[in-house]
Amino acid sequence: MTAIDQLFARLKTERRKAFMPFITAGDPSVAFTCKVLQLLDRLGCSMAEVGIPYSDPIADGPVIQASYTRALNHKIKLAEIFEATASVKKTLSMPLVSMVSYAIIHRVGPEKYIDDAIHAGFSGAIVPDLLVEESSALSKRCKERDFNLIQLVTPTTPQERALRIAEQSSGFLYFVSVTGITGERTELPPDLVDRVSWLRERSALPICIGFGISKPEHVRLLAPVSDGVIVGSAIVRMMENAGTNEASALDSIEALVQALMAAL
Amino acid sequence: MSLAPPNPIPVAPEHASKQVPDRAGRFGDFGGRYVPETLTRALDELVVEYERAKKDPDFHAELNDLLHRFVGRPSPLYHAKRLSNQLGGAQIWLKREDLNHTGAHKINNTLGQALLTLRMKKTRVIAETGAGQHGVASATACAHFGLPCVVYMGAEDVRRQKPNVFSMRLMGAEVRPVESGSRTLRDAVNEAMRDWMSSVEHTHYIIGSVIGPHPFPMMVRDFQSVIGKECREQCLTSIGRLPDTIVACVGGGSNAAGMFYPFVEDTDVKLIGVEAGGRGANPGDHASPLTYGSPGVLHGSYSYVMQDDDGQTSDVHSMSAGLDYPGVGPEHSYWKDMHRVEYTSCRDDEALGAFDYLARNEGILTALETCHAVAKATEIAKTMSPDQHLVICLSGRGDKDAAELARLRGQEW
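If you read the sequences in order, they're chains A and B.
Heads up: the first sequence begins at 1 in this note's numbering, then just goes up one per residue.
Heads up: the second sequence begins at 1 in this note's numbering, then just goes up one per residue.
Chain A with its partners taken away, still in its complex shape (with noise of 0.2 Å):
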């Protein structure tokens, strides 16, 4: 049992849902990176999702991507985020989950991507760019070692396949708001909240929404229907300025996260 399904399971006999802030690592500083991690432990977040930045991020929209961009400008390596995660997650109540791309993982092989994240205080990964057809292999490996690995279901997905997705995922299921790229929208499709309810009723897997969520109202309308909201385009905006201004970014960011747990 990792502490992500740990996590879960506690959520589930408070009936409480999990709220998941998602940040890029390295930008501008793994140094900033461990301040915003500590931030949101303290405000209670119920998990982290670290971006780990990628050249050519497809799935993302442009503020990720130039989070990311950022982040690579300044030479940051995988092994420093680590580094960095390692140390600081010691201080931190709140689970770790990476974003990393496939390219990531099997540059540096699969086996030593899962070792060294666990190592780093990493409790799975959401691979965005590995479908189920390829993921049997590196689902197995994970599944070994207690790592979670966390699948992505969206709106063109064929409801059987969606069953299918669940049954290789651990740990939960990231349910895709829109049928895009990252970051925020004013508008939700009006059948996201009948798609998830109907994938809850078939899987045990915790489902948790992202993918365009920004505001206070999309937490409300989606956080009954879930076990739990994810939150990366609106809270990496806070981030962009954190070269010039880091007290205000980091301000920035309480600010948002508090408004949005509080429509929890």
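Mixed in with the good hints, there may be bad ones.
[Stated by the list, open to error] Per label pair, the in silico range of CB-to-CB distance:
| no. | chain 1 | residue 1 | chain 2 | residue 2 | range |
| --- | --- | --- | --- | --- | --- |
| 1 | A | A86 | B | S17 | 41 to 49 Å |
| 2 | A | R16 | B | D309 | 48 to 56 Å |
| 3 | B | D56 | A | E83 | 54 to 62 Å |
[Claimed, not checked] Covered by chain B, according to a simulated footprint, are these stretches of chain A (three or more residues, beta-carbon under 8 Å):
| no. | segment |
| --- | --- |
| 4 | 54-65 |
| 5 | 70-83 |
| 6 | 101-110 |
| 7 | 154-167 |
| 8 | 191-198 |
Keep in mind the hints are simulated off the structure, nothing from the lab.
Please read these numbers as outputs of a predicted model, since none were measured by experiment.
Just so you know, even glycine gets a beta-carbon here, dropped at the ideal spot from N, CA and C.
Given the coordinates of chain A, work out where chain B should sit on it, guided by the hints.
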């Protein structure tokens, strides 16, 4: 237990096979599908519709008619006698894809995919382009069928391939310059993929090369194979036998794949792919993943790529926008590892020399991309005897490069 690469071939066959890819889109170890889940349904639909079209005589009839009357196929196989005599080696033949409508091989693929777009009842087309040849060919196919077309093009490429940008706009396409990253082909592919993530339900993405997730590498190869099929026939008619050597340039690798594929099982025919050697062998100075790269994942498939030890795609360089790409089609990686095709690279200055050589000695202005193949081919021809035959895939014409050539040489245009 080894996890990578997935789905290895159990026993390596002696020769490269034409019976690739498998159902998962694998060419040996290479290819596959590494894309967000959002795109899966559209890719599956495309597989189904393409298989259906392949079995439909009406589809072939319509495509062949267009290739004949609209594009001007078959393209000639021209015996460059003056060039051959001057070099004193092999007889050199040019497969004149530059004479196609729109000036390159790209139109072979865009017409096929535009027909599929209509069959899938999709109402909008997007495309990426480097040199602009695929952008022009997409804009042309879309104008022909009345489809709206958006072309993503790196801002640096918009600058260096202006004539093509103007042509695309004349035919009603919207050209969106991409300012992210190195502002070249790789970034244009990223932006097109992002557009497709949001528009996939009504939009078809006409990928311009043998890259991307399955079924694109197979499908684009098939559409481009008209080059090799015609060439094979033309060799038998004009030479009386198959050629000894065929040379083509490789960026993503679509002209080379289309030329080589029909010859893959003719093991007596030597196949040579020429990558962009840029300024030299140092990292960042070239765009030669098959020569200097390693297997990895980029733009939806597993293939050779220029990457660092973390799997981040490296910056590459070529003066030719069409070859300025860090990845390559997975079937080329398969052919490389099966030793069926020999890959080499050619520097910017060598390619520029070939441009002048062909212009002055044969009266043909050749695309800078294609010049890489011409440069290597002339070297190779010199080592061969006059009773041997070498074919160059003359994939595109050079009009588009006139202004950039003038700039590179500090001349007025």
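Now the hints, each set against the structure:
1. Checked against the hint of 41 to 49 Å, the C-beta distance between A86/A and S17/B comes to roughly 47 Å, which is consistent with it.
2. For R16/A and D309/B, the hinted distance range of 48 to 56 Å is not satisfied, since their beta carbons lie about 42 Å from each other.
3. Range check, D56/B to E83/A: about 58 Å between beta-carbon atoms, so the 54 to 62 Å window is met.
4. For the segment 54-65 of chain A, the stated coverage by chain B holds: 9 residues have a C-beta nearer than 8 Å to a C-beta of that chain, and at least 3 were required.
5. Coverage of the segment 70-83 of chain A by chain B holds [criterion: at least 3 residues with CB-CB distance below 8 Å; count 3].
6. Check on the segment 101-110 of chain A: 10 of its residues sit with their Cβ under 8 Å from a Cβ of chain B, so the three-residue criterion for coverage holds.
7. Under the rule that three or more residues need a Cβ within less than 8 Å of chain B, the assignment of the segment 154-167 of chain A holds, with 7 such residues.
8. For the segment 191-198 of chain A, the stated coverage by chain B is violated: 0 residues have a C-beta nearer than 8 Å to a C-beta of that chain, whereas at least 3 were required.
In the structure shown, a violation is registered for the earlier hints numbered 2 and 8, in ascending order.
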